[in-house]
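Protein chains: 4
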Amino acid sequence: MYDLLLRQPFMSETGMQAIRAQALVAAMREVELALAAEQEARGLLPEGTVKALQTHLDDHAFDMQALAEETAKGGNAAIPFVKQAKAALPDELKRHFHKGATSQDIVDSALMLVLKPRLERCLSLLAQARTSGCTLMQTHRGTAMVGRTLMQQALPITFGAKVANWLWGLHQAERRLDNVVASGLYVQLGGAVGVHSGLDEHGLPLMDGLAARLGLNAPLLPWHTDRQPILALAGALDAVAAGADKIALDVSLLCQTEVGELSEPAEAGVGESSSMPHKRNPVACARIRAAARQVHGNAGIIANAAAQPLERGLGEWHAEWAPLVDSVLLLEGALETLTALLDGLEVHSEAMQRNLAVTGGAIMAEPAARVLVPAVGSDAAKRIARESSETARVQGRPYADVLLEHAEVAGKVDEATLRDAVRPELYIGSSLAQVERALNVLR
Amino acid sequence: MYDLLLRQPFMSETGMQAIRAQALVAAMREVELALAAEQEARGLLPEGTVKALQTHLDDHAFDMQALAEETAKGGNAAIPFVKQAKAALPDELKRHFHKGATSQDIVDSALMLVLKPRLERCLSLLAQARTSGCTLMQTHRGTAMVGRTLMQQALPITFGAKVANWLWGLHQAERRLDNVVASGLYVQLGGAVGVHSGLDEHGLPLMDGLAARLGLNAPLLPWHTDRQPILALAGALDAVAAGADKIALDVSLLCQTEVGELSEPAEAGVGESSSMPHKRNPVACARIRAAARQVHGNAGIIANAAAQPLERGLGEWHAEWAPLVDSVLLLEGALETLTALLDGLEVHSEAMQRNLAVTGGAIMAEPAARVLVPAVGSDAAKRIARESSETARVQGRPYADVLLEHAEVAGKVDEATLRDAVRPELYIGSSLAQVERALNVLR
Amino acid sequence: MYDLLLRQPFMSETGMQAIRAQALVAAMREVELALAAEQEARGLLPEGTVKALQTHLDDHAFDMQALAEETAKGGNAAIPFVKQAKAALPDELKRHFHKGATSQDIVDSALMLVLKPRLERCLSLLAQARTSGCTLMQTHRGTAMVGRTLMQQALPITFGAKVANWLWGLHQAERRLDNVVASGLYVQLGGAVGVHSGLDEHGLPLMDGLAARLGLNAPLLPWHTDRQPILALAGALDAVAAGADKIALDVSLLCQTEVGELSEPAEAGVGESSSMPHKRNPVACARIRAAARQVHGNAGIIANAAAQPLERGLGEWHAEWAPLVDSVLLLEGALETLTALLDGLEVHSEAMQRNLAVTGGAIMAEPAARVLVPAVGSDAAKRIARESSETARVQGRPYADVLLEHAEVAGKVDEATLRDAVRPELYIGSSLAQVERALNVLR
Amino acid sequence: MYDLLLRQPFMSETGMQAIRAQALVAAMREVELALAAEQEARGLLPEGTVKALQTHLDDHAFDMQALAEETAKGGNAAIPFVKQAKAALPDELKRHFHKGATSQDIVDSALMLVLKPRLERCLSLLAQARTSGCTLMQTHRGTAMVGRTLMQQALPITFGAKVANWLWGLHQAERRLDNVVASGLYVQLGGAVGVHSGLDEHGLPLMDGLAARLGLNAPLLPWHTDRQPILALAGALDAVAAGADKIALDVSLLCQTEVGELSEPAEAGVGESSSMPHKRNPVACARIRAAARQVHGNAGIIANAAAQPLERGLGEWHAEWAPLVDSVLLLEGALETLTALLDGLEVHSEAMQRNLAVTGGAIMAEPAARVLVPAVGSDAAKRIARESSETARVQGRPYADVLLEHAEVAGKVDEATLRDAVRPELYIGSSLAQVERALNVLR
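Residue numbers (this note's numbering), protein chains in the order written: chain P, 1 to 443; chain Y, 1 to 443; chain E, 1 to 443; chain X, 1 to 443.
Don't read these hints as lab results, they were simulated from the structure. Predicted model, so just to flag it, every value in this text is computed and none were measured. Errors might be hidden in some of the hints.
Any copy, or any two copies together, can satisfy a pair, since identical chains are not distinguished.
[What the hints assert, rightly or not] DSS-like, lysine-lysine: derived pairs with alpha carbons at most 30 Å apart:
1. Lys412 <-> Lys94
2. Lys412 <-> Lys99
3. Lys116 <-> Lys51
4. Lys73 <-> Lys116
5. Lys83 <-> Lys99
6. Lys412 <-> Lys86
7. Lys51 <-> Lys99
8. Lys99 <-> Lys116
9. Lys412 <-> Lys83
10. Lys83 <-> Lys116
Make a model of the complete structure from these sequences and hints.
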């Protein structure tokens with residue numbers, strides 16, 4: 001509740017609805033019943049046990065407040081959950097419930113269950129972002145703009161090529177996430193110390209069967225203190241966040257008043273200032289960037305807790321939960337924002353054109369120098385190109401004119417060649433080819 | 001809600017009650033009314049304005065759900081808060097509300113207001129921990145135990161000296177936090193771009209006056225994108241977390257079954273295992289360590305967001321909120337746990353005694369060698385001390401006996417001196433003096 | 001030089017020899033020459049250019065001190081490198097050198113070149129660790145030891161099962177690293193703003209051809225400000241570090257004097273204390289853990305710098321270099337240490353046996369309770385198992401005896417069944433099956 | 001050596017010269033000799049011991065390569081240092097050397113010794129930056145420029161006010177660092193397990209006396225596993241880095257080609273591009289930002305290693321060294337760069353003026369609305385101000401004209417008042433007062 005106004009605005013509302021505490025409890029019940037079902041199927045529980053368990057537990061209303069309080073005492077949510085569930089069962093069923101399982105089996109598996117649909121939604125949002133991005137990319141494959149290095153104007157690119165670069169970055173992260181979702185969301189079942197104590201030779205097959213019932217992957221071994229699966233997930237979330245963050249960073253820079261090449265989609269109530277009526281704040285970018293920063297920090301918490309002692313973490317495991325769930329919900333929120341951003345992004349190609357001319361053409365010094373080299377040599381070419389760009393800027397004259405009149409140049413180069421060489425829209429390198437290459441992979 | 005079972009168990013219940021979203025709204029109202037009061041006092045608002053504002057706002061029920069939704073759109077909670085508040089005011093009052101302020105003024109100041117009592121509670125818990133610790137320290141000033149370096153038995157210390165070390169570490173962090181609370185919780189008031197636009201020469205005095213009204217410190221200048229105050233706070237929280245974590249780490253190591261020198265306080269329902277009836281898990285330590293890890297990560301988020309662009313952050317500011325509030329609540333929770341832990345810590349001095357003997361006395365090889373040096377020289381002394389410790393361990397005989405019978409030693413050293421030299425409880429160095437020194441400062 | 005005693009002791013000596021500054025310069029030269037060769041092959045440079053370049057550059061001694069100083073001024077090493085190289089060329093060759101390339105092309109590609117053999121060495125060390133681990137695992141598949149959760153004795157496992165868990169964790173990370181090395185070490189070639197300015201349609205094929213010549217992967221697009229490749233690499237390094245750290249953490253805990261189940265390999269001069277002759281410090285573990293912590297932090301630096309503005313980072317790119325190279329060398333060092341550790345690890349099965357008995361058998365309370373359930377019901381079974389374990393511990397008697405004499409139990413359970421149930425070495429669950437499963441995958 | 005081109009360019013050359021490995025060895029010798037001197041003064045060593053030790057050690061050439069190799073084996077530099085030193089001593093002196101000390105005493109104290117002058121240099125650079133900044137601040141106290149929030153033009157400020165904000169932020173960090181340097185650089189002396197084993201009642205006075213001899217602070221207690229002093233230092237370094245980073249971030253944004261309000265000092269060879277002759281890259285900003293990011297990451301490593309087990313870290317201590325020294329040298333480098341940047345910063349007030357006009361005056365919508373409120377009411381005023389700003393921008397006309405002609409406004413407001421209200425240079429709020437306030441504190 002305390003974070004209604006401070007954290008949740010950056011999170012997916014849909015995601016938050018789906019991962020309420022009740023959903024975690026429902027997932028723990030699902031894990032326990034699937035475990036019982038698998039045990040019954042293998043003759044480890046009397047026939048009819050699962051049906052009986054379901055009868056008592058399906059509509060059972062867990063006392064959420066008590067769960068929360070007892071979670072603090074026991075250290076994890078499965079302990080009071082199992083207690084409350086057993087209390088709801090007749091005596092003869094009690095010992096068939098949670099049989100062979102430990103708290104961490106239930107919590108880890110339930111977490112995977114509640115996170116899986118959120119991660120699938122993230123993947124679907126990423127696909128949406130790809131589609132919107134591909135449209136942008138194609139539309140603006142030839143829209144010239146200035147490329148900027150160290151935030152200084154450098155040489156022309158096209159906006160399509162920039163979008164291709166955004167999307168290819170994001171897609172690499174999407175593939176990491178997809179890979180984890182497809183084959184790395186593991187069921188947990190190891191019993192008290194990870195070796196299926198008491199279940200013996202039934203342990204591993206039970207674990208595999210439970211995975212199949214829950215729609216999760218079966219790990220090679222229980223992973224109580226092998227947190228590589230969590231690390232891989234956290235890393236993939238972090239990569240997607242970085243991919244989204246890169247786009248938001250660029251958009252926010254290109255939205256600057258003085259640059260004005262992009263605007264966030266206009267939406268009533270979005271981006272207003274409480275004190276300045278004229279402003280249109282890039283709130284979508286701010287939200288994505290705020291989320292990404294938190295996801296990075298959470299990944300660090302998880303990495304620093306990845307080495308867990310012996311057969312169960314002593315705080316390390318517990319430290320994973322909130323950062324992991326937060327990161328998923330922050331990322332889902334960031335991707336909702338990103339898809340809307342890419343969908344409605346306003347591209348001001350006239351501003352791009354204007355900015356290409358802002359240095360008086362001096363950004364074309366490199367191609368100009370290339371044309372001069374045969375006439376004056378490499379060093380002189382660079383010097384003249386630099387001097388003339390300064391002259392053009394100071395005198396407010398076209399760069400080509402200044403160059404052509406330069407004492408060392410006049411009469412030594414072909415005018416048309418030089419004039420073309422300093423036209424930005426003709427100097428976009430492989431921009432079109434990059435867009436094409438990207439579309440082949442991303443569409 | 002989603003974190004009821006995953007994050008909140010590590011947090012202070014009292015703290016969470018106090019920092020509900022409603023409390024943040026109440027704090028924002030408090031800031032706005034105090035601002036109006038200060039303006040009225042300085043003749044910048046008509047007399048009676050504040051009273052009129054209070055009449056309309058004191059019992060106004062803000063629509064929390066709408067606030068949350070609009071916060072997402074505008075990027076911070078003050079924007080919809082001001083809107084809702086103005087909608088509740090008659091037209092003639094609207095322009096007197098939020099006058100000269102910007103969203104960040106309200107959010108930053110309100111955050112300081114809601115955090116201040118939590119931080120004071122942390123300080124009070126730290127004082128409590130100090131008191132409990134001093135008692136422990138004094139009681140066990142002479143209780144010999146083995147000191148362990150790289151987790152190997154090394155030489156004797158006393159448990160009191162260990163507690164002194166714990167508390168002195170924690171106290172250094174307490175002083176940092178105390179310093180921030182006493183003089184670094186600043187009001188924020190800078191207006192749209194931090195220079196009190198429209199308020200002109202009234203700006204700085206208004207800021208100072210507002211601070212006094214709210215019981216916050218007055219900063220030298222508005223600090224919209226100077227996040228040093230937040231960084232100092234986050235750093236102090238991190239330091240306290242580290243101090244608590246050090247204690248929890250040591251306690252958990254000394255609670256290990258094979259060591260058994262300490263036990264966490266026994267409390268019904270705490271530390272039980274869902275599958276193993278015999279266990280008493282050091283859940284307090286696990287909770288403290290889980291909280292500390294998250295606080296470390298949050299500090300990293302805040303540090304990485306500390307450089308904020310120009311006159312307002314673009315995601316950096318927004319990224320501070322949840323980590324900061326989380327850290328405060330996690331720390332308050334960790335300190336509640338820590339005080340209970342220190343209060344009820346069970347010290348098993350007989351186990352300490354037993355462990356001192358576990359190497360057959362070999363941990364006393366250093367003092368033994370010191371006694372041998374005059375007789376056999378430095379290098380031989382070390383060799384003999386080492387060989388004899390091995391012999392003692394393998395043969396299960398007292399170290400002193402083995403040493404005294406060693407061919408190169410026999411007859412060359414005074415028996416009583418050597419026997420005393422290898423008695424751990426006589427070899428506790430400055431332990432007593434350290435306890436005394438610590439008590440002088442900490443009590 | 002300043003870190004000869006502070007950082008390098010944790011790094012691979014072999015690795016450090018291989019990544020001297022000279023090696024980076026050699027790699028930059030290799031990149032430039034391969035670029036020229038590819039351009040010559042495509043008719044973009046006159047025939048014989050590469051040969052001429054080689055003649056002048058192959059034995060050219062770069063002024064390393066000047067390179068370092070100029071690197072500071074220009075912001076990266078390629079700028080002065082290109083200057084020095086051009087100065088060494090006759091005028092007619094100058095313009096054929098570094099043609100179409102930008103500094104970042106050279107630095108990124110050269111970094112991949114110098115890191116690749118180090119990463120391959122890491123993979124080879126991981127394979128070695130797997131081999132040693134598999135031997136350990138097989139030898140100790142049935143060696144019973146106590147499993148510990150929250151560092152408390154819980155239930156038996158086998159040491160082989162523990163090693164299987166270690167190795168499976170490490171292997172997941174190995175696969176991530178292998179994947180990056182096999183297909184994610186990309187050449188960089190994009191020119192000034194990433195669109196092959198001036199190279200036009202030759203840009204992408206040149207990039208692909210350059211990759212092939214250098215033995216690097218060809219990216220879909222230039223990746224100047226798409227740092228996903230670096231993020232994936234840093235994440236894989238971090239995962240391997242976490243995998244090694246988990247092993248070192250367990251080993252260090254099991255080496256504790258009071259536990260004594262493992263010892264690090266004995267080696268002259270290793271693990272000695274400057275003041276305590278009797279100690280054998282787990283220095284290998286300390287070194288691995290120290291390295292892993294630094295690798296985690298470096299991964300955080302890289303993640304927080306992953307969103308880079310527009311067409312070139314402004315500090316973000318520069319911030320990657322040292323953390324990335326450090327992480328590789330720290331990891332290579334940690335893996336050297338780890339392989340030696342696994343190779344020579346001393347396993348004290350008698351201590352494992354002793355520790356299994358340390359609670360008077362109370363760790364067997366769970367299986368005992370299982371046997372009691374049919375006779376006395378679930379709740380009573382747990383109560384009796386718990387009470388009796390306490391009695392056994394206090395009275396120093398065998399747990400089975402105490403249980404069999406308990407008033408509520410006597411005569412109600414089969415003695416042999418109960419006695420077997422509380423024999424740890426018979427209660428190892430799926431340990432053997434886990435070892436077998438792991439061997440099938442890891443060997 | 002490997003980082004000559006990758007890390008060292010961001011570091012202080014002066015600093016690196018001062019913290020060579022030889023300097024660390026010299027510092028360790030200094031610590032040992034001061035310890036002996038203090039012991040001799042207290043009658044714990046025979047008279048003349050120190051003089052004799054000096055005779056043998058002052059010119060002793062330590063074998064640096066052997067030191068490095070043995071450091072890896074033993075885990076820290078003091079172990080082989082003590083060995084080499086003792087080997088250089090005659091037998092009768094050996095036992096007087098390193099008496100009562102442990103490795104960590106020597107390494108921690110030596111580190112403080114080598115870091116202290118670097119930190120003092122950092123403080124001196126901070127003072128220099130303050131001086132340069134104060135000049136800038138005063139010169140530009142009234143230089144109007146636009147304030148930007150979320151990187152959008154908002155309302156006017158003055159450049160002086162911005163500099164005041166920069167410097168006040170940096171100064172808060174400076175005070176933290178100053179505080180640590182003045183009273184938190186502690187000597188370390190605790191012996192094997194931190195209780196001065198064998199030194200008994202001499203322990204604490206020896207520690208205090210050693211501190212005085214070395215010019216370090218005396219801690220309350222030895223701090224082998226109380227890393228609060230390191231945490232406080234790392235936090236202060238991090239804060240200074242954040243303060244410098246904030247300035248570099250703003251400067252780099254204001255250096256953007258399209259903004260052009262600032263330029264980095266022009267210096268031959270600095271900021272050139274290897275491929276684009278026209279560019280002037282903000283390399284100083286890039287270097288500061290690259291350094292700051294690494295310092296943040298290092299602070300995270302240190303915080304995550306702050307809880308160290310029992311009486312000596314097992315990797316945690318070792319993990320501090322390189323990040324700590326790196327951070328100091330990176331910060332010293334960043335501050336060298338920062339002072340040069342502030343010293344030579346080019347301020348383009350004409351560009352500031354130009355940018356104030358870029359929205360057609362729309363940034364003055366807030367003050368315009370204030371003037372309109374009495375005439376048309378609060379809501380209408382805001383609406384009209386917003387509409388008119390759009391009209392002014394689209395039609396390229398002065399904002400005041402558009403407003404005065406607006407149907408709802410015409411004839412209802414005083415023309416001069418409105419015209420003045422929308423003149424940016426008259427709307428600088430408390431900028432002058434802020435500069436004055438800052439100068440009072442910072443000068």
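Structure-based check of all given hints:
no. : hint             : in the structure
1   : Lys412 <-> Lys94 : between (96 Å within a copy, 21 Å between copies)
2   : Lys412 <-> Lys99 : between (90 Å within a copy, 23 Å between copies)
3   : Lys116 <-> Lys51 : within (26 Å within a copy, 53 Å between copies)
4   : Lys73 <-> Lys116 : both (28 Å within a copy, 27 Å between copies)
5   : Lys83 <-> Lys99  : within (13 Å within a copy, 56 Å between copies)
6   : Lys412 <-> Lys86 : between (94 Å within a copy, 25 Å between copies)
7   : Lys51 <-> Lys99  : within (16 Å within a copy, 65 Å between copies)
8   : Lys99 <-> Lys116 : within (25 Å within a copy, 47 Å between copies)
9   : Lys412 <-> Lys83 : between (91 Å within a copy, 27 Å between copies)
10  : Lys83 <-> Lys116 : within (26 Å within a copy, 38 Å between copies)
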